[in-house]
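> From first to last, the protein sequence lines are chains A and B.
Per the numbering used here, the very first residue in the first sequence carries number 1; after that it's consecutive.
Per the numbering used here, the very first residue in the second sequence carries number 123; after that it's consecutive.
Simulated from the structure, these hints should not be mistaken for laboratory data.
Accuracy of the hints is not assured; some may be wrong.
[Said to hold, decoys possible] Partial pick of chain B residues on the chain A-facing surface, computed with a CB cut under 10 Å:
1) Leu-129
2) Ile-166
3) Leu-194
4) Phe-213
5) Val-223
6) Gly-228
7) Leu-240
8) Ile-255
9) Leu-256
10) Tyr-260
11) Gly-277
12) Arg-284
[Stated by the list, open to error] Chain B stretches covered by chain A per the calculated footprint, using a threshold of three residues with CB under 8 Å from any CB of chain A:
13) 146 to 154
14) 171 to 183
15) 262 to 273
No residue lacks a Cβ here, since even glycine has one placed at the ideal position from N, Cα and C.
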Amino acid sequence: MMGLIPLAVGDPTTPTAASSASQMGATPFIVLSAILFTIGAVGVLTRRNAIVVFMCVELMLNASNLALITFSRANGNLDGQIAAFFVMVVAAAEVVVGLAIIMTIFRTRRSASVDDASLLKY
Amino acid sequence: MIGFWLLAPVMVLAALAMLFVRKAVHSALLLAVVMISLAVLYAIQDAPFLFAVQIIVYTGAILMLFLFVVMLVGVDASDSVVETIRGQRLFAILIGLLFGVILVLGVAQVSVGTVTGLAAANDGGNVPEIAKILFTKYVFAFETTSALLITAAVGAMVLAHRERFGPKQTQADLAAQRMRDYAATGKHPGPLPPPGVFARHNAVDTPALLPDGSAAPESISRVLAARGTVKNAPELATDVARLTDDVEDAGDSEEAGR
Numbered sequence: 001m002m003g004l005i006p007l008a009v010g011d012p013t014t015p016t017a018a019s020s021a022s023q024m025g026a027t028p029f030i031v032l033s034a035i036l037f038t039i040g041a042v043g044v045l046t047r048r049n050a051i052v053v054f055m056c057v058e059l060m061l062n063a064s065n066l067a068l069i070t071f072s073r074a075n076g077n078l079d080g081q082i083a084a085f086f087v088m089v090v091a092a093a094e095v096v097v098g099l100a101i102i103m104t105i106f107r108t109r110r111s112a113s114v115d116d117a118s119l120l121k122y
Numbered sequence: 123m124i125g126f127w128l129l130a131p132v133m134v135l136a137a138l139a140m141l142f143v144r145k146a147v148h149s150a151l152l153l154a155v156v157m158i159s160l161a162v163l164y165a166i167q168d169a170p171f172l173f174a175v176q177i178i179v180y181t182g183a184i185l186m187l188f189l190f191v192v193m194l195v196g197v198d199a200s201d202s203v204v205e206t207i208r209g210q211r212l213f214a215i216l217i218g219l220l221f222g223v224i225l226v227l228g229v230a231q232v233s234v235g236t237v238t239g240l241a242a243a244n245d246g247g248n249v250p251e252i253a254k255i256l257f258t259k260y261v262f263a264f265e266t267t268s269a270l271l272i273t274a275a276v277g278a279m280v281l282a283h284r285e286r287f288g289p290k291q292t293q294a295d296l297a298a299q300r301m302r303d304y305a306a307t308g309k310h311p312g313p314l315p316p317p318g319v320f321a322r323h324n325a326v327d328t329p330a331l332l333p334d335g336s337a338a339p340e341s342i343s344r345v346l347a348a349r350g351t352v353k354n355a356p357e358l359a360t361d362v363a364r365l366t367d368d369v370e371d372a373g374d375s376e377e378a379g380r
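For reference, chain A alone in the conformation it holds in the complex (with noise of 0.2 Å):
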């Protein structure tokens, strides 16, 4: 399994042949999923608005979706590529959830931001 394609990673002397993109090193990709990752981390903790704070959640399961292919490729079988759609399913799922959860709150309390519901703190 190991060794087809003997190409160290981050090489910049990495001959580009024809399928250059696909067999481009994986850390790039893997410093772009941890980079997307965090600014999704910050955007939850700075941002006040459930909706957004609820696309920042998405941005983090992208950005771990991107980590699965990318370690997919790198090994060479295909079950980082099974995690990531198994995450896209459950995502599915909670973004369907989450929304309502927001829109039955917004209802009731004609706000979402995230401070004001805070009843359970009493």
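We have chain A; now place chain B onto it with these hints.
Okay, now just chain B, sitting in the frame of chain A:
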């Protein structure tokens, strides 16, 4: 390779802009940019099936759902800048930066080893190969997701459903209510003035002008008033005199030219 280096900055910029834009709709559109770019990255990485799923499920279904909810919740959905916990935003950004730097540095220093590539694994086509694994090794997880999806659909219906307390208001009820309001508070029982009447524009954000030249506030949708995008109708008419002069001047010069 080129695709990655073109898309990566776009994605990072769009994701960062998501944090800074004030309106939820703009965030949703920026998220669409990130997701479509991600789909292209999946295609680059020999995952054509997930490329299609990403476009259809994420940008097609999930983002449309987001946009629908933003439109429903809408109006006051702009973020408040008041901090509930003091210094929370600053610390969140600091910790986020720390986390990001550690993560990126750590990941960049790890050697992932040689990239095998999916040429062998995708031998019989990506979709058949995924189907082979999905319906053998992961078949139990796959069947479980169907239960999850049904639960989610039922849950969303239960949560978004609103019970009707009391009978539906008919047209006769509404008319009687209007007359009661008129008797009690003197509220005008007739239809409201439409926007733009007697004003320079007939756009929905231009209030109607009353006979004394002031704007009629009830001619404007409450939503627009809450957003603060209502035009000042009397102000729109201030340049009428200048325009009239211009027209007259043009007429005079034309006559002189003759």
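> Now tell me, hint by hint, if it's right for this structure.
The hints, checked one at a time:
Hint status for Leu-129 of chain B relative to chain A: holds, with the closest Cβ pair at about 9 Å, below 10 Å. Because the beta carbon of Ile-166 of chain B sits about 5 Å from the nearest beta carbon in chain A, less than 10 Å, this interface hint is met. With a cut of 10 Å, the hint placing Leu-194 of chain B at the interface with chain A holds, because the nearest CB-to-CB distance is about 6 Å. Taking 10 Å as the C-beta cut-off, the interface hint given for Phe-213 of chain B holds, the closest approach to chain A being about 9 Å.
The beta carbon of Val-223 of chain B is positioned within 10 Å of a beta carbon in chain A (closest approach about 9 Å), and the interface hint is therefore held. Given hint, Gly-228 of chain B at the interface with chain A, holds; its Cβ is 8 Å from that chain's nearest Cβ, closer than 10 Å. Look at Leu-240 of chain B: its Cβ gets to within about 5 Å of chain A, closer than 10 Å, so that hint holds up. Nearest Cβ of chain A to the Cβ of Ile-255 of chain B: about 6 Å, under the 10 Å cut. The hint holds.
Satisfaction of the interface hint for Leu-256 of chain B is found here, the shortest Cβ-Cβ separation to chain A being roughly 6 Å, below the 10 Å cut-off. Below 10 Å, beta-carbon pairs count as interface contacts, and Tyr-260 of chain B has one with chain A at about 6 Å; its hint therefore holds. Hint status for Gly-277 of chain B relative to chain A: holds, with the closest Cβ pair at about 5 Å, below 10 Å. Contact between Arg-284 of chain B and chain A, as hinted, is supported at the beta carbon level, the nearest pair being about 7 Å apart and thus within 10 Å.
Residues of the stretch 146 to 154 of chain B lying with their CB closer than 8 Å to a CB of chain A number 4, which satisfies the three-residue condition for coverage. Residues of the stretch 171 to 183 of chain B lying with their CB closer than 8 Å to a CB of chain A number 7, which satisfies the three-residue condition for coverage. Beta-carbon proximity to chain A at under 8 Å applies to 5 residues in the stretch 262 to 273 of chain B; the threshold of 3 is reached and the given coverage holds.
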